[in-house]
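First to last, the sequence lines map onto chains B and U. Going by the numbering used here, the letters in the first sequence line up with residues 43 to 245, in that order. Going by the numbering used here, the letters in the second sequence line up with residues 43 to 245, in that order.
Careful, some of the hints might be misleading.
The list makes no distinction among identical chains, and a pair is therefore deemed to hold if it is satisfied within one copy or across any two copies.
[Unchecked claim] The list that follows gives simulated cross-link-like pairs (lysine to aspartate or glutamate, DMTMM-like), each with its CA atoms no further than 25 Å apart:
#1 66 - 198
#2 146 - 125
#3 176 - 108
#4 66 - 52
#5 146 - 133
#6 244 - 168
#7 140 - 63
#8 66 - 127
#9 66 - 101
#10 146 - 210
#11 66 - 160
#12 244 - 198
#13 244 - 162
#14 66 - 78
#15 140 - 162
#16 244 - 220
#17 140 - 168
#18 176 - 162
#19 66 - 232
#20 244 - 101
#21 146 - 78
#22 66 - 125
Since the hints were made in silico from the structure, they are not lab data.
There are 2 protein chains.
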Amino acid sequence: MSLDTAALPDRLVRQLRFVRELDKLKGVLRRTSLIDRSRRENSAEHSWHLGVMALAFGEYAPPGTDVAHAVELLLVHDVVEIDADDTFAFDVAGNASKLDRETKAAERIFGLLPENLECEFRARWDEFEASVTKEARFANALDRFQALVSNDSAGDGGTWRAHGVSREAVLRRMAPIETGAPGLWPAALDAIARATAAGHLKE
Amino acid sequence: MSLDTAALPDRLVRQLRFVRELDKLKGVLRRTSLIDRSRRENSAEHSWHLGVMALAFGEYAPPGTDVAHAVELLLVHDVVEIDADDTFAFDVAGNASKLDRETKAAERIFGLLPENLECEFRARWDEFEASVTKEARFANALDRFQALVSNDSAGDGGTWRAHGVSREAVLRRMAPIETGAPGLWPAALDAIARATAAGHLKE
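Modelling step: build the complete structure from the supplied sequences, incorporating the hints.
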């Protein structure tokens with residue numbers, strides 16, 4: 043594999059190349075820290091956390107949501123960051139160029155795969171980004187909610203306080219939870235209310 | 043959530059506690075390093091890698107394998123390491139006490155959840171450990187294969203060379219790939235043959 047040997051079928055060699063490439067997502071750092079605040083979280087472990095959260099919170103998705111499919115979207119949704127890097131939720135300039143950077147990344151990285159798999163992986167990423175299907179909306183809701191859990195869980199306001207974020211900006215950022223995972227919305231509002239009361243979010 | 047507020051239903055508070063607890067898996071280090079050898083891999087990002095590998099390598103599982111279910115087993119299979127820590131594959135003493143340590147961990151960690159979810163998560167872990175169903179055998183095969191990919195991909199023999207592991211020990215360790223993901227077995231044999239020829243595995 044380090045030598046893509048001629049002994050292996052080309053199709054398998056391409057899949058192995060993609061699987062090796064994935065390793066790089068473990069080096070992409072998000073703004074969010076681990077709950078123990080020992081270091082910043084990377085996008086690979088973040089994606090794992092979201093996958094398990096989908097299994098634990100499936101009952102809070104709208105009726106008829108295919109949780110297993112949402113898990114697949116979550117596992118794939120950040121792979122483009124290998125090239126495009128993580129964009130902080132509250133970075134206006136970064137978010138303006140995000141789609142262009144991530145689309146180029148999707149072409150290169152999913153393009154490592156044989157064509158049918160490239161289509162499958164690209165379709166998962168496109169579905170997550172479009173956020174139209176129930177599964178994509180649930181997945182997007184969890185992506186927002188996980189950052190909220192991290193910011194809420196150490197009593198220090200996390201990146202919200204560190205970056206001087208306002209209550210209104212967080213409410214806008216978290217809005218997809220209300221429709222994508224309605225049963226988690228009270229927990230989100232509760233965390234935002236407490237963070238505001240504690241002075242961790244600007245009024 | 044940092045204050046498990048009385049405003050939230052007890053069921054949701056328990057789920058939130060479990061989801062926060064999961065964060066600790068990001069601090070459990072495996073012996074294996076990232077492919078760029080910058081640091082050791084943690085069990086959370088490892089579990090993510092396995093989930094995406096299942097999506098990319100599903101065609102190599104035995105016919106009739108439910109890949110989405112295998113993904114669920116992979117996302118949950120290492121959660122017990124939050125308490126039991128990772129046990130190196132070639133550590134004989136550690137592996138003798140592994141089941142007992144991990145069973146206690148499963149009781150505590152999955153026990154944080156409401157009862158029906160505790161049963162679901164425990165069943166996933168039990169299924170992975172028993173390695174009887176097609177999905178569990180495929181999941182176990184990928185778990186072995188991912189370590190092989192890491193050891194093979196940097197040209198340095200990885201943990202195999204660092205710990206003086208023999209070709210025979212690796213062949214035994216990788217054997218579940220032959221039945222759990224038969225289509226990947228040639229790639230495993232190829233990597234082992236090259237590592238032996240390079241002197242990274244003892245004959």
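Hint compliance check: list the failing hint numbers for this structure, sorted ascending.
6, 10, 13, 20
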